[in-house]
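Asker: The chain contents come next:
2 protein chains.
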Amino acid sequence: MYRKLTEKRIKSLKSITGDNNVLTETADIEKYSTDESPDLKYMPETVLTPENHRQVLEIARYAVSEKFALTPRGGGTSLTGSPLPVSGGAVISFEKMNNILDIDTSSRMAVLQPGVITGDLDRQAAKYGLFYPVNPASLDSCTLGGNAATAAGGANTVRYGTTRNYLSGIKAVDGNAAEWQAGGKIVKNSTDQQLLQLVAGSEGTLSIFTSLVFRLTERPEKNAWIIAPFRDTAKVPVAAAKIFSLSLNPTMVELMDRLTLDCCRKYTGEKIEFDEYSHLLIRLDSGGHLSSSAFQDILFTAGQACLQAGAEDVLIAESAAEQEKIWKIRSSIHDAIKETCGSIFEEDVTVPVGQVSQLLTEARNISESTGYETAVYGHLGDGNIHVNFTGRNAPAKKIKEMKKSIFEAALKLGGKLSGEHGIGLTKKDYFCRYVDPSYVNLLRKVKKQFDPENILNPGKIF
Amino acid sequence: MYRKLTEKRIKSLKSITGDNNVLTETADIEKYSTDESPDLKYMPETVLTPENHRQVLEIARYAVSEKFALTPRGGGTSLTGSPLPVSGGAVISFEKMNNILDIDTSSRMAVLQPGVITGDLDRQAAKYGLFYPVNPASLDSCTLGGNAATAAGGANTVRYGTTRNYLSGIKAVDGNAAEWQAGGKIVKNSTDQQLLQLVAGSEGTLSIFTSLVFRLTERPEKNAWIIAPFRDTAKVPVAAAKIFSLSLNPTMVELMDRLTLDCCRKYTGEKIEFDEYSHLLIRLDSGGHLSSSAFQDILFTAGQACLQAGAEDVLIAESAAEQEKIWKIRSSIHDAIKETCGSIFEEDVTVPVGQVSQLLTEARNISESTGYETAVYGHLGDGNIHVNFTGRNAPAKKIKEMKKSIFEAALKLGGKLSGEHGIGLTKKDYFCRYVDPSYVNLLRKVKKQFDPENILNPGKIF
Chain Y
1 MYRKLTEKRI KSLKSITGDN NVLTETADIE KYSTDESPDL KYMPETVLTP
51 ENHRQVLEIA RYAVSEKFAL TPRGGGTSLT GSPLPVSGGA VISFEKMNNI
101 LDIDTSSRMA VLQPGVITGD LDRQAAKYGL FYPVNPASLD SCTLGGNAAT
151 AAGGANTVRY GTTRNYLSGI KAVDGNAAEW QAGGKIVKNS TDQQLLQLVA
201 GSEGTLSIFT SLVFRLTERP EKNAWIIAPF RDTAKVPVAA AKIFSLSLNP
251 TMVELMDRLT LDCCRKYTGE KIEFDEYSHL LIRLDSGGHL SSSAFQDILF
301 TAGQACLQAG AEDVLIAESA AEQEKIWKIR SSIHDAIKET CGSIFEEDVT
351 VPVGQVSQLL TEARNISEST GYETAVYGHL GDGNIHVNFT GRNAPAKKIK
401 EMKKSIFEAA LKLGGKLSGE HGIGLTKKDY FCRYVDPSYV NLLRKVKKQF
451 DPENILNPGK IF
Chain A
1 MYRKLTEKRI KSLKSITGDN NVLTETADIE KYSTDESPDL KYMPETVLTP
51 ENHRQVLEIA RYAVSEKFAL TPRGGGTSLT GSPLPVSGGA VISFEKMNNI
101 LDIDTSSRMA VLQPGVITGD LDRQAAKYGL FYPVNPASLD SCTLGGNAAT
151 AAGGANTVRY GTTRNYLSGI KAVDGNAAEW QAGGKIVKNS TDQQLLQLVA
201 GSEGTLSIFT SLVFRLTERP EKNAWIIAPF RDTAKVPVAA AKIFSLSLNP
251 TMVELMDRLT LDCCRKYTGE KIEFDEYSHL LIRLDSGGHL SSSAFQDILF
301 TAGQACLQAG AEDVLIAESA AEQEKIWKIR SSIHDAIKET CGSIFEEDVT
351 VPVGQVSQLL TEARNISEST GYETAVYGHL GDGNIHVNFT GRNAPAKKIK
401 EMKKSIFEAA LKLGGKLSGE HGIGLTKKDY FCRYVDPSYV NLLRKVKKQF
451 DPENILNPGK IF
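Listed in order, the protein sequences are those of chains Y and A.
Heads up: the first sequence begins at 1 in my numbering, then just goes up one per residue.
Heads up: the second sequence begins at 1 in my numbering, then just goes up one per residue.
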């Protein structure tokens, strides 16, 4: 179906990008054959590391004329197999297109190449008192191109929204090998916003980004984390609801259940107080010119709400060192569960915020009926919960059953398969089964327009 | 090209919706032949007022089989001719599908029919301490269906974003007469968000909405308006930039220039101090549990910044009565300019925030070279500026020239044709001329998939 990358074709690719941007040795390309999803491995025939838009465009032209697959790849931190070349062909890695081209402080916009590491943008923005608030847990290894392609979320979305809310402009190449662009350094856009929003979250199936514009926002002057341990996990969403009723505009409202904490403690070696309890983790940011005592009042109010909802204690972390420790634990969760408990799979179902308690119950029921423990954590503030079933050597049939059960539980509660990881390869079958067939049909037809030869990340989503 | 709505077809439509939901008398349908754009009038052959999803679906089926045009219409407040039936056929008015079906307080979501008036949603939400923050100036006459179809903005978008950021679920009928749905009562969605975001802002050209889900947010406890008059309009954006540098997270940052104020004063009869000056209007909202004195400190800081930037005075409005007066003036602007100065046209170009000063200069230059005064107002905080050229009986050729000049000025500054009004009919030619041809080409192809017979709001956007 797809043509192989023969020596002749490799030579042609080299003439486009230069010899040193075409990798073919197994030792060089092996690391592009996996992402963070368990048990998937697809070797690319070659890995291309283009250096500019023009090279990407020419690669696409050549791929269309010769018919081989192109799979764009950011930091490779996907949990769904999305950047894996299931039909062979070339992986396009943006590791050499990793420059921030412009931070326009007067318009509060950043123009950059897709390979920029997400955390680097915020570090640059901070120099000008600006803030890029979207923070996937893989902040320091994922890329903004990958974030745009998955419309990535993270823990700060409660207050700040997802990548979708910051992506303001794109330059891209579609599967017809046509270059196109939309948006710009503009906040509000009723001119060419539709297709920009369509390709955000399309996981590289509709277009390859070559340049991106992101809106920056104001940097909070003060922030603090509140940590509240609860004996009963079921009380954590109740406390979260209480926080929301106070209109404190929290940045994060996160759950880490007992098993999650236990994995983190073992993995990071950090001492965690109340490590046998489930934790509610709240981050509050304050804008400018709020006095310290006014901010303390707000923290006190939030802390009181946690105690009233049944917290065993309340810890407030304001110093950079304390906060770093907390983020170290929080952002280690995925690896911690994988390494110490064994991750059978991690899903990121999303349900209405008011249904989170019910979802936790359903997860526990599945755990009890199958005998595999669950480590549950994630974004209470937006109903996007990461459910990990843990253990070792679970039989494939059992895994399938458990996945089906957790998806169906979420759907029954008015939820969806994925809140932020996307569909990729691992949820493709479920997407086709559980998403409205008319929606899937429309998406297929749209795909055909952007990529009639199906060369862009084939085999993903549907 | 389109079939006429003969008596036989009208009879069939009556069998779908009931006799009283099919209007054909001139006296009944005339008001659907215009919107708020100047000088446009297109009579529909009939106006349908369906009462539920099923009726809309059957209307679409019948329209596809008989090939006549369907033009969905919300409150008719568009400034672009978007809801006008340029190819005749039926206007679908959602005036009888105007129920809020559910306000889910635990998930902070509202489920509603597309004909609900935008202001009504916020009034309902307020009963539960919740907030729907998107506030187009036509708040009390526009509908949420229309807002979704145009991805409407408004003055609060600086802090809260546009309709696009709140639209969480849709049920719709496309031009194949297929019903489809996406999203739900969920905040974060990486499952079926792409097409939802695609049809938001599609102005009824891709699908007709029959049910919508909107996210609600926390209601600010305190708010205040700051009004600062400036002798020199050019200093207003400078003051706005100063406000942003303070990280106060303002809700609105608006400009009303001298002529705008003058029109408002005459039109509303309200006394306006410093009415010969341009005004900066800022709204600040505060979250929960901020003491009055802490909020006063913030207001004082913002006021000082205005004075330092050259304001003649600073007025702070905290009482409901004062705020109502300000909103009355602010939301009257469009009508005020039209009635008292004569509106040649109003455009809503959008530029990078840092380029607003330059845009104001360009508008003044066009005004001086053509001899028609400009009234300029709008959203300094997001670079979306409403430029009105005023006067009476401007010749068509002159109008065309002036429009072209202001669009080209915005484009030269890295901006776009429209920040929130959309393209509709009035900017269609400019869309095709100034938007990336590859973008237009892709959008055409997408349209063809959603609406192969071109029955949905034909003749709009491109």
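Some hints here could point you the wrong way.
Here are the simulated DSS-like cross-link-like pairs (lysine-lysine), alpha carbons at most 27 Å apart as the crow flies [unchecked claim]:
hint: 1; chain 1: A; residue 1: LYS67; chain 2: Y; residue 2: LYS448
hint: 2; chain 1: A; residue 1: LYS222; chain 2: Y; residue 2: LYS448
hint: 3; chain 1: Y; residue 1: LYS447; chain 2: A; residue 2: LYS428
hint: 4; chain 1: A; residue 1: LYS325; chain 2: A; residue 2: LYS235
hint: 5; chain 1: Y; residue 1: LYS11; chain 2: Y; residue 2: LYS67
hint: 6; chain 1: Y; residue 1: LYS445; chain 2: A; residue 2: LYS325
hint: 7; chain 1: A; residue 1: LYS428; chain 2: Y; residue 2: LYS428
hint: 8; chain 1: A; residue 1: LYS242; chain 2: Y; residue 2: LYS448
hint: 9; chain 1: Y; residue 1: LYS8; chain 2: Y; residue 2: LYS96
hint: 10; chain 1: A; residue 1: LYS448; chain 2: Y; residue 2: LYS447
hint: 11; chain 1: Y; residue 1: LYS445; chain 2: A; residue 2: LYS428
hint: 12; chain 1: Y; residue 1: LYS447; chain 2: A; residue 2: LYS222
hint: 13; chain 1: A; residue 1: LYS235; chain 2: Y; residue 2: LYS445
hint: 14; chain 1: A; residue 1: LYS242; chain 2: Y; residue 2: LYS127
hint: 15; chain 1: Y; residue 1: LYS67; chain 2: A; residue 2: LYS398
hint: 16; chain 1: Y; residue 1: LYS242; chain 2: A; residue 2: LYS445
hint: 17; chain 1: Y; residue 1: LYS222; chain 2: A; residue 2: LYS222
hint: 18; chain 1: A; residue 1: LYS67; chain 2: Y; residue 2: LYS445
hint: 19; chain 1: A; residue 1: LYS447; chain 2: Y; residue 2: LYS428
hint: 20; chain 1: A; residue 1: LYS448; chain 2: Y; residue 2: LYS445
hint: 21; chain 1: Y; residue 1: LYS325; chain 2: Y; residue 2: LYS235
hint: 22; chain 1: A; residue 1: LYS445; chain 2: Y; residue 2: LYS428
hint: 23; chain 1: Y; residue 1: LYS242; chain 2: A; residue 2: LYS325
hint: 24; chain 1: Y; residue 1: LYS397; chain 2: Y; residue 2: LYS412
hint: 25; chain 1: A; residue 1: LYS127; chain 2: Y; residue 2: LYS447
hint: 26; chain 1: A; residue 1: LYS448; chain 2: Y; residue 2: LYS67
hint: 27; chain 1: Y; residue 1: LYS31; chain 2: Y; residue 2: LYS11
hint: 28; chain 1: A; residue 1: LYS242; chain 2: Y; residue 2: LYS222
hint: 29; chain 1: A; residue 1: LYS127; chain 2: Y; residue 2: LYS448
Label pairs and their in silico Cβ distance ranges [as the list claims (entries may be wrong)]:
hint: 30; chain 1: A; residue 1: ASP102; chain 2: Y; residue 2: GLY18; range: 53 to 63 Å
hint: 31; chain 1: Y; residue 1: MET43; chain 2: A; residue 2: LEU101; range: 46 to 56 Å
hint: 32; chain 1: A; residue 1: ASN223; chain 2: Y; residue 2: GLY310; range: 42 to 52 Å
hint: 33; chain 1: Y; residue 1: ARG54; chain 2: A; residue 2: THR26; range: 51 to 61 Å
hint: 34; chain 1: Y; residue 1: THR301; chain 2: A; residue 2: GLY310; range: 30 to 40 Å
hint: 35; chain 1: Y; residue 1: GLU276; chain 2: A; residue 2: GLN296; range: 41 to 51 Å
Everything labelled a hint here was simulated from the structure, so no lab data went into it.
In this text, a Cβ means the ideal position worked out from N, Cα and C, and glycines have one as well.
Asker: Are the hints correct? Go through all of them and say.
Answerer: A quick look at each hint next to the structure:
no.	hint	result
1	LYS67/A / LYS448/Y	25 Å, holds
2	LYS222/A / LYS448/Y	51 Å, violated
3	LYS447/Y / LYS428/A	26 Å, holds
4	LYS325/A / LYS235/A	25 Å, holds
5	LYS11/Y / LYS67/Y	16 Å, holds
6	LYS445/Y / LYS325/A	51 Å, violated
7	LYS428/A / LYS428/Y	39 Å, violated
8	LYS242/A / LYS448/Y	48 Å, violated
9	LYS8/Y / LYS96/Y	24 Å, holds
10	LYS448/A / LYS447/Y	13 Å, holds
11	LYS445/Y / LYS428/A	25 Å, holds
12	LYS447/Y / LYS222/A	47 Å, violated
13	LYS235/A / LYS445/Y	51 Å, violated
14	LYS242/A / LYS127/Y	17 Å, holds
15	LYS67/Y / LYS398/A	52 Å, violated
16	LYS242/Y / LYS445/A	48 Å, violated
17	LYS222/Y / LYS222/A	20 Å, holds
18	LYS67/A / LYS445/Y	22 Å, holds
19	LYS447/A / LYS428/Y	26 Å, holds
20	LYS448/A / LYS445/Y	10 Å, holds
21	LYS325/Y / LYS235/Y	25 Å, holds
22	LYS445/A / LYS428/Y	25 Å, holds
23	LYS242/Y / LYS325/A	35 Å, violated
24	LYS397/Y / LYS412/Y	22 Å, holds
25	LYS127/A / LYS447/Y	44 Å, violated
26	LYS448/A / LYS67/Y	26 Å, holds
27	LYS31/Y / LYS11/Y	22 Å, holds
28	LYS242/A / LYS222/Y	19 Å, holds
29	LYS127/A / LYS448/Y	47 Å, violated
30	ASP102/A / GLY18/Y: 53 to 63 Å	59 Å, holds
31	MET43/Y / LEU101/A: 46 to 56 Å	51 Å, holds
32	ASN223/A / GLY310/Y: 42 to 52 Å	33 Å, violated
33	ARG54/Y / THR26/A: 51 to 61 Å	59 Å, holds
34	THR301/Y / GLY310/A: 30 to 40 Å	39 Å, holds
35	GLU276/Y / GLN296/A: 41 to 51 Å	45 Å, holds
Checked against the numbered hints given earlier, the structure breaks hints 2, 6, 7, 8, 12, 13, 15, 16, 23, 25, 29, 32 and satisfies all the rest.
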